Amino acid sequence: MVATHLMATLDTRPDVLPVVLVGDDQASGLADMLRQFIEQTLAESPRKQRQARSLSGATLFRSAEDDDLCVCITFAGDHIELRDEATPPVGLPAITADFLTIAHLTSGQANPFWLLARRRLQARFTIRQVPFLLRLLRFMRIERHAPSNQMETPPLPAGPNLPEPGEEAPRTR
Amino acid sequence: MSVIYSDAWYEDMKRLINGSEQLAKLAPKIRIAFSLEVMGDGASPYVPKDGGRYFLLAIENGKVTDFCPLPERHDGKGLNFRFTAPATIWEGVAAGTNDPIRCGLRGQIKVRGDMKFLMENADAVKLAIDLYGHQVNTEWPLGAPPYVHA
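Line by line, the protein sequences give chains A and B. One point on numbering: in this note's numbering, the residue at position 12 of the first sequence is 14, and numbering is uninterrupted. One point on numbering: in this note's numbering, the residue at position 86 of the second sequence is 480, and numbering is uninterrupted.
Quick caveat, the hints were computed from the structure, so don't treat them as lab data. The reader is advised that the hints may include incorrect statements.
[To be verified] Label-pair restraints from in silico Cβ distances: (1) B:Ala538 to A:Asp27: 26 to 34 Å; (2) A:Gln124 to B:Asp524: 20 to 28 Å; (3) A:Glu87 to B:Gln416: 32 to 40 Å; (4) B:Thr459 to A:Phe127: 40 to 48 Å; (5) B:Glu533 to A:Leu139: 41 to 49 Å; (6) B:Leu536 to A:Arg49: 53 to 61 Å.
Bear in mind that the values here come from a model prediction, so they are computed numbers and not experimental data. For each residue, glycine too, the CB sits at the ideal point set by N, CA and C.
Make a model of the complete structure from these sequences and hints.
In structure tokens form, the structure reads like this:
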């Protein structure tokens, strides 16, 4: 299916993997925030770029707060696509969690297996999808720039110019 | 009880957040500036249909240092996050009838900013918006949300 509305990252540096949000302004907030998160992650880390380029596959992110929200993230090697799915495709691995759980997962405050064991994170997958899911979770985890014993959040530089909604995401670090 | 968008309401909000010891512990120690944009949608009697209300919220060391209306849309300088939504959505959050997390996930509240920072400080964000939505006793002289024409 050809997307009718595409919004690609405005970061046009050739070394930056494009992130495409299908649906533009009609996309859900979950898809839009995931898009910003992935764009910012890629823009700041060559290592994350390499990880993303080596990923091949798709997974569904479902919101525990809202059963209607389901975003499919496809890692295609040369780009990443995010798409809201009203009818999620069958056979893809799926991760369901609430906002706080996703935040704790990506920020490394909680271990995914701990979250799975306590059913705060629900995942559906086949054995063959396990390697992809583990690599995806590693990619989504925020890199630590500060020493692990430094509890205080690194300061955001003053004066980022925030764009209009739909424009390039800001670089605040 | 204070009237929505009045000076007293801003002060009440500020006191409310600053009164939370838990937020003071959870919030990052740096200064974070948010712009909240309340866009007229024809349903809210408090915001002109084609206009908007713009606020600046700044938190430092877990305490609100600024929560005030802006004369116009913030130009983005010195801003860390921009939250934009129709008045009906914001006022529903203030009245405790809209879940702000769900509104954000659905895209009814547009969020722009450093998503990594948001993820790393999600507990503080969640606590702040829960305070906003559930504990301020707001007065609605022109009617409270949900609005009939929303």
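Tested hints:
For alanine 538 of chain B paired with aspartate 27 of chain A, a C-beta distance near 29 Å keeps the hint of 26 to 34 Å intact. Take glutamine 124 of chain A and aspartate 524 of chain B: their Cβ atoms lie about 24 Å apart, and the range 20 to 28 Å holds. Look at glutamate 87 of chain A against glutamine 416 of chain B: about 37 Å separates their beta carbons, and that is inside 32 to 40 Å. Between threonine 459 of chain B and phenylalanine 127 of chain A the beta carbon distance is about 46 Å. The supplied range of 40 to 48 Å therefore holds.
For glutamate 533 of chain B and leucine 139 of chain A, the hinted distance range of 41 to 49 Å is satisfied, since their beta carbons lie about 47 Å from each other. A C-beta distance of roughly 54 Å is found between leucine 536 of chain B and arginine 49 of chain A, which places it inside the suggested range of 53 to 61 Å.
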